[in-house]
Every structure is written in structure tokens, then in C-alpha cells.
Amino acid sequence: MCRSDKFFCVCVCFFFFFFFFLSQGVAVHSRRRVAFWFRRESGVWSWCSRLFATVATAVMNRESFAAGERLVSPAYVRQGCEARRSHEHLIRLLLEKGKCPENGWDESTLELFLHELAIMDSNNFLGNCGVGEREGRVASALVARRHYRFIHGIGRSGDISAVQPKAAGSSLLNKITNSLVLDIIKLAGVHTVANCFVVPMATGMSLTLCFLTLRHKRPKAQYIIWPRIDQKSCFKSMITAGFEPVVIENVLEGDELRTDLKAVEAKVQELGPDYILCIHSTTSCFAPRVPDRLEELAVICANYDIPHIVNNAYGVQSSKCMHLIQQGARVGRIDAFVQSLDKNFMVPVGGAIIAGFNDSFIQEISKMYPGRASASPSLDVLITLLSLGSNGYKKLLKERKEMFSYLSNQIKKLSEAYNERLLHTPHNPISLAMTLKTLDEHHDEAVTQLGSMLFTRQVSGARVVPLGSVQTVSGYTFRGFMSHTNNYPCAYLNAASAIGMKMQDVDLFRKRLDKCLKAVRKEQSKESDDNYDKTEDVDIEEMALKPDNVLLDTYQDASS
Numbered sequence: 002m003c004r005s006d007k008f009f010c011v012c013v014c015f016f017f018f019f020f021f022f023l024s025q026g027v028a029v030h031s032r033r034r035v036a037f038w039f040r041r042e043s044g045v046w047s048w049c050s051r052l053f054a055t056v057a058t059a060v061m062n063r064e065s066f067a068a069g070e071r072l073v074s075p076a077y078v079r080q081g082c083e084a085r086r087s088h089e090h091l092i093r094l095l096l097e098k099g100k101c102p103e104n105g106w107d108e109s110t111l112e113l114f115l116h117e118l119a120i121m122d123s124n125n126f127l128g129n130c131g132v133g134e135r136e137g138r139v140a141s142a143l144v145a146r147r148h149y150r151f152i153h154g155i156g157r158s159g160d161i162s163a164v165q166p167k168a169a170g171s172s173l174l175n176k177i178t179n180s181l182v183l184d185i186i187k188l189a190g191v192h193t194v195a196n197c198f199v200v201p202m203a204t205g206m207s208l209t210l211c212f213l214t215l216r217h218k219r220p221k222a223q224y225i226i227w228p229r230i231d232q233k234s235c236f237k238s239m240i241t242a243g244f245e246p247v248v249i250e251n252v253l254e255g256d257e258l259r260t261d262l263k264a265v266e267a268k269v270q271e272l273g274p275d276y277i278l279c280i281h282s283t284t285s286c287f288a289p290r291v292p293d294r295l296e297e298l299a300v301i302c303a304n305y306d307i308p309h310i311v312n313n314a315y316g317v318q319s320s321k322c323m324h325l326i327q328q329g330a331r332v333g334r335i336d337a338f339v340q341s342l343d344k345n346f347m348v349p350v351g352g353a354i355i356a357g358f359n360d361s362f363i364q365e366i367s368k369m370y371p372g373r374a375s376a377s378p379s380l381d382v383l384i385t386l387l388s389l390g391s392n393g394y395k396k397l398l399k400e401r402k403e404m405f406s407y408l409s410n411q412i413k414k415l416s417e418a419y420n421e422r423l424l425h426t427p428h429n430p431i432s433l434a435m436t437l438k439t440l441d442e443h444h445d446e447a448v449t450q451l452g453s454m455l456f457t458r459q460v461s462g463a464r465v466v467p468l469g470s471v472q473t474v475s476g477y478t479f480r481g482f483m484s485h486t487n488n489y490p491c492a493y494l495n496a497a498s499a500i501g502m503k504m505q506d507v508d509l510f511r512k513r514l515d516k517c518l519k520a521v522r523k524e525q526s527k528e529s530d531d532n533y534d535k536t537e538d539v540d541i542e543e544m545a546l547k548p549d550n551v552l553l554d555t556y557q558d559a560s561s
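Count along the sequence shown from 1, then add 1; that gives the number in this note's numbering.
Hint data in this document are derived by calculation from the structure and do not stem from the laboratory.
Errors might be hidden in some of the hints.
Said to hold, decoys possible - Using C-beta positions, here's what the derived DEER-type ranges look like:
id : residue 1 : residue 2 : range
1  : Gln223    : Glu108    : 49 to 57 Å
2  : Ser234    : Leu143    : 25 to 33 Å
3  : Val350    : Asp275    : 32 to 40 Å
4  : Pro349    : Gln328    : 27 to 35 Å
5  : Gln223    : Gly390    : 25 to 33 Å
6  : Ser475    : Gly501    : 29 to 37 Å
7  : Lys218    : Ser470    : 55 to 63 Å
8  : Met347    : Ser475    : 28 to 36 Å
9  : Lys402    : Lys221    : 53 to 61 Å
10 : Gly501    : Tyr477    : 29 to 37 Å
11 : Gln472    : Gln328    : 30 to 38 Å
Stated by the list, open to error - Straight-line alpha carbon distances no greater than 20 Å define the calculated SDA-like cross-link-like pairs of lysine to any residue that follow:
id : residue 1 : residue 2
12 : Lys368    : Gln459
13 : Lys176    : Leu95
14 : Lys414    : Thr426
15 : Lys516    : Thr426
16 : Lys98     : Thr385
17 : Lys516    : Gln450
None of these values were measured; they are calculated from a predicted model.
Ideal Cβ placement from N, Cα and C applies to all residues, glycine included.
Modelling step: build the complete structure from the supplied sequences, incorporating the hints.
Below is the structure:
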């Protein structure tokens, strides 16, 4: 058959099936499948074969409903068919737009969608015969259900973002998740982000992946310039990648610890730009440290042609942190920024998002990941975002801001009652710090004792930072560890208003902190008073740590 005859046949087939679709009222999900394969397939003949299969599916669905009408009233069947189409309409919009829906889906739509994707993977084919070493076999049915039967994972050996021939459903899940996450990052404030992908590693290892990608671009590089933040994983990410961290000490401005820009630029000139892999900056952090001066650092990176990697671990939930990244990219250079899934989207630990403003560089990072990867983090965040919708996520961001103000007011009142104060850290939008001067002046161990008491009373996340702590991390010794500087003026306690925090969390925290502070103060008074009558008091520490008291606090708070 000549080429013109082939073209004529294709045209005839196209118009025939086009009018067939219009006349038969094909189900929404069938049209979706046509659109999907039309985008993905490159050859006309391949597309035609897919079209034949889609029409056959549509006819079969129509015949199935017709068969059902012989068993149940046709009116009821049509009603059920329309109900199904409403679910499928949401799925079609998701695939067409690739954006997070404004309103969250219900569980029935979510499970229908996940089931439709899962049966596209070869391990769920009814007649599949697998003779390879990795065929999606799972010994436990419970494990299969836990993963919605997505067994093949995501990516291929050469690229975590690549499509798997055996796992069209898992590959589609991965693409949709990355598209939704990109939409949320733009919604949160980084409007010009070009690309991103979910990686099944926490923030530290994801940073390592970025550094390893830069190694090939900068073969002479030995150093990473790093404004100090006392958090082990981000420090070890540089060591693991095989580079030497150059620690830049922060400067004290009022109560805040801020980036020493002069020291950064001086170190760049001293070491030489060619020998510096990148500047590794930070947004989200524990007060009194505040986010780095990203705009100024980005300008330094642009001027000296040095890459810039940003640790944005829990910064997506903060409009201020996201604004810093957007502005840094506008005025200077930011190559990639990394954020945690669990800290920003309330999913289990084990995933991160690597995003950036240069599409090709983000693709290079994804190709650096060796082998396939777990689909669990992608599945978790996909379910979460579809459940919340963009409106639901924006509501959580708004509530977090409100809780930050409420937490700040409550800690301020409590600190004043104990002759302490809330540190003034206006540039930190997530974390707060309250001084513990009176405790530290009386007893060196009182600060750490307070931390133990809070933890035993089921207060998690609060950090007490004593003076003079020394910690060695991967051979590097940090003085004043946890305080982000060698000599902060006082000991303090940290608390953070993170996404998902509720007013009752703040109220219960203040109540338990109040009790623990009273207990420590009484213990100090007991030790300083030589005439103290021990028979008139109980063991204060034991009382504060007693589990019954913790349960009573919780019960009283819930019933109030």
C-alpha cells in the first residue's frame, strides 16, 4: 500500500471513530485514555491501534451497563452510571490540567483513581506471565494492600523520573505527583519554579544528591561554603558527598543570629570560586537563628559564578521562606532548593522535593539517582494533596500563621511570669525561643532537667539549649552546639508553630511547661534552703514526671 493510501485510511478511521464517539456517548474515562495515549504515542499507526482498543473498551462498558439493565431497573443503572461519571470527571480534569484540584476529593474518588492506575501495572494484569527477576511479586497480601498494589516503584535504572514499560500506572502516578507538587510550590510563593520531583529520601540525602550532581560540573571543587546551622543531617550531607564544609559563623544582631555576608565573600575570594562547589544556605531553622540572607547570597553566587543550593526543609509552609527563595532567584542565583515531605505535607517520613529554576539541571539531578525508587512517598503526598485540595492546603497555611501568633503570645506571657522573656526574632516565621537565664544561673543541669521533664510529660518537639555544649559531628567539633554559635548569651527553650498545629496543642504545652518550670524552681529552692522541711513536701521531680499527671492534663484539656 502506498503512503497516500495509508494516509487516506488513517483519515477515514479518524472521522469514523470521531462520529462514533459523538453518537455513542463514550464514557469519560475512555476519552481520557484516548487523550493520554494520543499525547504519549509518537506513531500514527500506534495511535490508531490504541484508538481501536479504546473504542472496544467503550463499547464493552456500554454493553456492560446494558446487561445490568436486564437485571436492575434501567433508571437505577443510568443513575449509577451518572454517579460514576461524576467521579471520572474529576479524574479527567486532573489529567488534563495537571494541577491540584481546588476542593479535595472524597475517599471513593481517590480509591477509584488509584485502582484504575494500579491495574495498568503488569503485576496486576490478569494474564500476566512474569519470568524476570523483578516482576512485582509480593508474598503478603497485607503489604500489597498497603501499597494499593503499586509494586514496581518509580523510575528506571537511569532516571528516577523515567517511565517504566511494565508499570504505566506507577509511572503516571509519579508524573501526576510531581505536577501537583510543582503547582503547590507555586501556590506557596515560588511562582517561577521551573521543575521539581519527589525523591524517596529525606532532606539530608536529597541534598547529597544535589551536591553529587554538581561534582560533574565543577571537577576542581573541594569546598562547600555553609553558614552555620546546628543540624546534623545537613552537615553530614556535605561530608557524605565527599566535600569539605567551610563553616561560616553567624553574627549576633540583637537576639537574632544572622548570615555574615562579609565572611562568606571573603572566604570565596580566599579559596577561589573554581574550588567551591556551592554555597549551601538555609531558610527554615530554630530560633534565635533566622533564615539566611538569601537575596544577598544569591547575588554573591551570581557574581562569582558559584552554584547555590538551599536547604528549605520545612519552608514550604512559610510564605516568608518561599518569598526569600523567589527573590533570591530573581536578583541572583539559586540552582536548587530541597524541602521535606513530612514536615510540609504531614505524610510519613522518607521523602523530599528537589526543585529549581532551571529545568535541565533538575533533570540532571533526577538522572543522578541510581536505580529505581520506592513509590511510597509519591503515593502518600498524592493522596494527601488530592484529599486536601489547594483550598484545604491554603487553609492549613493560614491556620499555621495564626497558631504562630497565638504560640508567641502564650510563651511571652508565661516567660514574663517567670522573669524570663521571649527572644525577639522577627525574621524567623516558624520557630520561637524563650530565655532560661534564671534556671541557668542557679544550676548548670537545671536546663537539661527541664527538657527531660517536658519529654517525659509527652511534650515533643520542644528543645532546651544549654550554654557551653560541645558536639563532634563527622570529625568536626562545634562549640555551643544547638545554639548555632560558639557563645550565645543565654540558655533558652525552643518551640515551633508547624503546619497542622492546633490551639489545644499550644494550650496543653503552656500548661505542662508551667508545671515543669514550677517543679524545677521548687527543686532549686529546696537545694538552697538549709532549713527546708522535707516532711512537708513531696519529690517535686517525681510529681512532675508521674504519668498519671500527664494523663490528667490531657483529660482536663479535652473536657474543658
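Hints, one by one, checked against the model:
Between Gln223 and Glu108, the C-beta spacing of about 52 Å keeps the proposed range 49 to 57 Å intact. Judged by the Cβ atoms, the range 25 to 33 Å given for Ser234 and Leu143 holds: they are separated by roughly 32 Å. Between Val350 and Asp275 the CB atoms are about 37 Å apart, so this pair conforms to the stated range of 32 to 40 Å. At about 32 Å, the beta-carbon gap between Pro349 and Gln328 stays in the expected band of 27 to 35 Å.
Checked against the given bound of 25 to 33 Å, the beta carbons of Gln223 and Gly390, roughly 47 Å apart, lie outside it. At about 32 Å, the CB distance of Ser475 to Gly501 agrees with the hint of 29 to 37 Å. For the pair Lys218 and Ser470, the supplied restraint of 55 to 63 Å is violated, since their beta-carbon distance comes to about 38 Å. For the pair Met347 and Ser475, the supplied restraint of 28 to 36 Å holds, since their beta-carbon distance comes to about 31 Å.
Range check, Lys402 to Lys221: about 44 Å between beta-carbon atoms, so the 53 to 61 Å window is missed. Checking the proposed 29 to 37 Å range against Gly501 and Tyr477 shows it holds: the Cβ atoms sit about 34 Å from each other. Between Gln472 and Gln328 the beta carbon distance is about 33 Å. The supplied range of 30 to 38 Å therefore holds. A C-alpha spacing of about 43 Å is found between Lys368 and Gln459, which places the hinted pair above 20 Å, so the restraint is violated.
Between Lys176 and Leu95, the direct Cα distance comes to roughly 12 Å. Compliance with the 20 Å bound is thereby established for this hinted pair. A C-alpha spacing of about 16 Å is found between Lys414 and Thr426, which places the hinted pair at or below 20 Å, so the restraint holds. Proximity of Lys516 to Thr426 is assessed by CA-CA distance (about 26 Å); at most 20 Å being required, the pair is judged violated. For the proposed pair Lys98 and Thr385, the alpha carbon gap of about 18 Å is at most 20 Å, so the pair holds.
With a CA separation close to 13 Å, the supplied pair Lys516 and Gln450 stays within the 20 Å bound.
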